[in-house]
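Starting from the structure of chain A, add chain D where the hints point.
For reference, the chains in residue letters:
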Amino acid sequence: MIHMRRRGTAAIVLWLIFLLACVGIISRTHFTTDLSAFMPRTPTPEQQLLMDQVSDGLASRLILVGIEGADAPTRASLSRQVAERLRADRTFVSVNNGEPVNAERDRAFLFDNRYLLSPAVTPERFSADGLNSALGDSIDLLASPAGLLVKSLLPRDPTGEMLQLLEQLNSGTQPQLVEGAWASRDGARALMLMQTRAAGSDTDAQQHAMAAIRQAFDQALDQAPGATPSAQLVMTGPGVFSVTSRDTIKRQVTRLSIISLALIATLLLLVYRSFSALALGLLPVISGALAGIAAVSLGFGAVHGITLGFGTALIGEAVDYSIYLFVQSEQNSADHQNWIKRLWPTIRLGVLTSIAGFASLLLSGFPGLAQLGLYAIAGLITAATVTRFVLPSLLPVSFRIHDLSAIGLTLSRVVQRAAALRWPAAIVLLAACAIVVDNRASLWNDKIASLSPVSQADVELDTRLRADMGAPDVRYLVVVSGANQESVLRAAERVSTLLQTQVEQGQLAGFESPSRYLPSVATQRERQASLPPRPVLETRLAQAVQGLPVREQLFTPFLADTAAARSQRLLQASDLQQTSMAMAVDALLIQQHGQWRALLPLTAPEGGSINAEPIRAALSAMPDVLFVDMKAESDRLYSGYLREAIALSLGGLVAIIVLLLAVFRSPMRVLRIIAPLAAAVMTVTAGLSLFGQQMIILHLVGLLLVAAVGSNYALFFDRPDPRTPILPRTLASMLFASLTTVAGFGLLAFSDVSLLQALGVTVAPGVILALFYSAIFARQADACQSNA
Amino acid sequence: MTRLTRPRFRLCALVWLALLVSPIVQAAPLSIAQLMAGLAKHPQGAATFTETKTISILDQPIESSGELLFIAPARLEKRTLKPKPETMVLDGDTLTLERGRRKHVLQMKDYPEVAGMIESIRATLAGDRKALERVYHLALDGGHERWTLTLTPLDPRVGAVIARIRMEGVGNVVRSVEIIQADGDRSLMTIEQPAPQR
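Top line first, the protein sequences correspond to chains A and D.
The numbers in the first sequence follow the numbering used here, run straight up by one, and end at 789.
The numbers in the second sequence follow the numbering used here, run straight up by one, and end at 201.
The shape of chain D in the complex, shown without the other chains:
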């Protein structure tokens, strides 16, 4: 019994330690390098999300919600539960979309616009600055308490669809992702960590 609980205890202790130590260390204005290093500390995480899309042809924004699961370094799962169950899994360079009985497997390289959007989330969660800077220009505002990371596409093909992506976070946790499309449509995804952090 004790042997089984021990690793869990150790993990909790580490999280506590991180929570105690980080505000002191991060008091100064945040640099991109520091933010990325902090984000990279989470090898995996599960969260719930709520996404609101504002589309010009629709009178009201549409909402969807579900779960996010990230496993470093390269796997991101977005499981939409409402309004329709749908799964999107990005693993390495392969994107799998499942909706109803349909399953589509895409290679990221072939869909730069879609890839750009998803990669922004994955690379940020992984704290992978190199991956982000391959596709975006990065700008960071705020301090460790509350920061805003703005991504602007470098590739004009991506830029034709995505105007910019704004990520907001607190400490080492991403709280929201806002994608502003070139045609003015936008989506805001707010991320909530479940109470006990895994």
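Just chain A, same shape as in the assembly:
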């Protein structure tokens, strides 16, 4: 006895040290809610690009802002004031609302460098014939209503290079201007487009940017002359999504853990009628949760919000062990030791089957899934170990809980009659199998959007603002890689030539390229070489003006400009600074990991979609050029995960079977244990399908949990000799254990976060079904005997 007590004290000390260590690790843990958990650990080049774009690509840095309510002049004035404030803020690289802020600088840059930038600059254009036709075009333009605007350019730019550049830059559709600021097509909303300095994956920075926008808006409202409280600010964009989803996950996880803890505590209090029992009963749970978080933190470097949400639900499972201890043992301390002898092996086997199930998740290439696996394993081992080695020593001598024998006896009678339900249960099961087989094609949702924690309303707002703005959806990208800037720009120019033919054929509405703003050195040199020396150009010009209503003397400024352009210093990236083109080049020309990349986003023709195949085929001949369909890529990524998760889950099932076979060495016995679990899984799957809910990865994790938790019940019902009755206390403990599990997971079913909701709707009914099926299909000694 003394020996035992000493062992108990040692266990308590070890436990306390363990808890301290966990708390220490957790206090330094980084919690994330971004998409990193959904990114593969060993990506392909396309996936790597997808990840880079999602985490800090151009699209990830955009925030779309709408100002609604009030009247059009008020909205426009608010937009101008907000823009003015934010342009002074280093948080933003650019703030656009249609005001011509950089217009002067942009114009000067384009005009001064027109002979280096214009793709129309070729030797042919500066031959006598080429000049003649270019001049003819320019004179035609003078006759048009736009003539007024180009008249002053003619003497310096008779070939119309400036116009070429302007038209190229304006190829993207821009929103209309109302009262001097961008507005939606219906005019009901003022629009702004901002680019943050920080990457979209930097959620804190994005939150800061959102706060800055809101503050600027509030200040503008305060200073507006009255009657503007009806004006409202709306924001969207990848960064905004990550901020709101972090808030949602944080809020939901906090609320769910509080409610679920309260619910389980109430339930336990009703059962135990003892506060000390309640407090002691929660110790393994808390230890398990701490161990789970600490293990994930050590294993992955960060803990995802979804893992915490999952942990919340696991409270309901971890509390089972203490329920078994308290309810199943007799009302004295000697019997706690007795419980360890009688029932611990069964529970230990239950824990081991759970671990076998979850261990398969650790192999997943999907870090989010691997985190759940590690959390579950660490949490369950800790909770069970604390229940077995620490809890008995902590129980006071006078410890007792409410007498549950009455409930236990009632349950015994119910269980004895459960066999009568075999036929109905078999019919339900058959129907479930039929439903699953019938709907096998639509069981799974393989769209990555199904994982998004963003609410439908937010997605709709995003779609609306994007359509208003004509913002590129950055679905199709051509990516050029190379060792240095020059080679990448050269390749981008070759790709551009090819894409331009697609634009002319109407396959594409347009495309962007960094080489448009920053041509390669080679191309700039070629363009310079296209300009003839002054005496040559003079002679050609004299020939070119023949038959045109202009005199060659008019073009003296043109001769001077071309002469200067021939020896002009070539353009570098730094020359773009302070122009709106700098933003485009920053986003489209990237140096990363010692490698250069140029991105060429494609725009689909209006009202149509891009036919990827001809473009892909045309580009396939070029080395280091990748055509990426971001949406297809991410969907492929996710369906890959899903397939992998299905395979791993089946692997988990096999592991459980092997474990049980190794322990029992009786295939029949293993079959009897596995059958109710398989039945529960099948019924839940059929139920989900019946309610039109397509399964995502988290449903699968839920099914694995059903098998893991249900295995405990199945093991209790399994006896080598069916004549030994199951103790009423054991039955009562199973009922309460399943109730707490249902409470923990059932709550998740009401979550707005689809990942958590999926877990809830799978596990809560699944656990109940596993208990029922175990009871109904357990070997019935009495029934056999009475029939005999």
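Be aware that one or more of the hints could be misleading.
[Said to hold, decoys possible] With a straight-line Cα cutoff of 30 Å, these simulated DSBU-like cross-link-like pairs (lysine-lysine) come out:
1) D:106 <-> D:85
2) A:251 <-> A:448
3) D:106 <-> D:87
4) D:44 <-> A:152
5) D:133 <-> D:44
6) D:106 <-> A:152
7) A:632 <-> A:448
8) A:152 <-> D:87
9) A:632 <-> A:251
[Said to hold, decoys possible] From chain D, some residues computed to sit far from chain A (all C-beta separations above 10 Å):
10) 49
11) 54
12) 56
13) 64
14) 67
15) 78
16) 87
17) 132
18) 173
19) 176
20) 188
21) 193
These are calculated hints, taken from the structure and not from any lab test.
Even for Gly, the Cβ is constructed at its ideal location relative to N, Cα and C.
Chain D alone, transformed into the frame defined by chain A:
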């Protein structure tokens, strides 16, 4: 058949009536109010135009021609067919320019100079005196037989580009629009109604 032709017949009758009645009524010197009221009677009209631009940097004037279509109260289409096809549509406050595959949509407010020029034509065709007087000082010479309406910009921003606009007309029809720019360049647009008036 008869039912189909009837509205057309009625329209023709109205035009005839207008042609018969107007010279008698309009014999006296024309006032701006009378001219505007007369112009406002045409809710829509199609015409062809020839425009001659005289630009100092060019040795010869350049010519363009095409069609004009006006639908009261606010839509004016100018479809240039020569030398290059080009369309300009002013509808409400939105100006759409289409040339080749390029399409530009502008808000009139943002381009007061361009807007001034086009608005002068639209408001005159619509007989919208208020719209004209928002931008120009109006002066009218002549009688109903032949009149000249001179518009001088009020806004100095418009005045920096447009010196004045002279419209000439006969009866309720505008025959020519001459725009004299501040730098001396000018354009003359002559408008010819197609024979059967619609």
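Structure-based check of each hint:
no.: 1; hint: D:106 <-> D:85; verdict: holds, 18 Å
no.: 2; hint: A:251 <-> A:448; verdict: holds, 24 Å
no.: 3; hint: D:106 <-> D:87; verdict: holds, 15 Å
no.: 4; hint: D:44 <-> A:152; verdict: violated, 37 Å
no.: 5; hint: D:133 <-> D:44; verdict: holds, 16 Å
no.: 6; hint: D:106 <-> A:152; verdict: holds, 20 Å
no.: 7; hint: A:632 <-> A:448; verdict: holds, 9 Å
no.: 8; hint: A:152 <-> D:87; verdict: holds, 17 Å
no.: 9; hint: A:632 <-> A:251; verdict: holds, 27 Å
no.: 10; hint: 49; verdict: holds, 19 Å
no.: 11; hint: 54; verdict: violated, 7 Å
no.: 12; hint: 56; verdict: violated, 6 Å
no.: 13; hint: 64; verdict: violated, 8 Å
no.: 14; hint: 67; verdict: violated, 4 Å
no.: 15; hint: 78; verdict: holds, 16 Å
no.: 16; hint: 87; verdict: violated, 5 Å
no.: 17; hint: 132; verdict: holds, 25 Å
no.: 18; hint: 173; verdict: holds, 26 Å
no.: 19; hint: 176; verdict: holds, 23 Å
no.: 20; hint: 188; verdict: violated, 7 Å
no.: 21; hint: 193; verdict: holds, 15 Å
Hint compliance for this structure: hints 4, 11, 12, 13, 14, 16, 20 are not met, and every other hint is.
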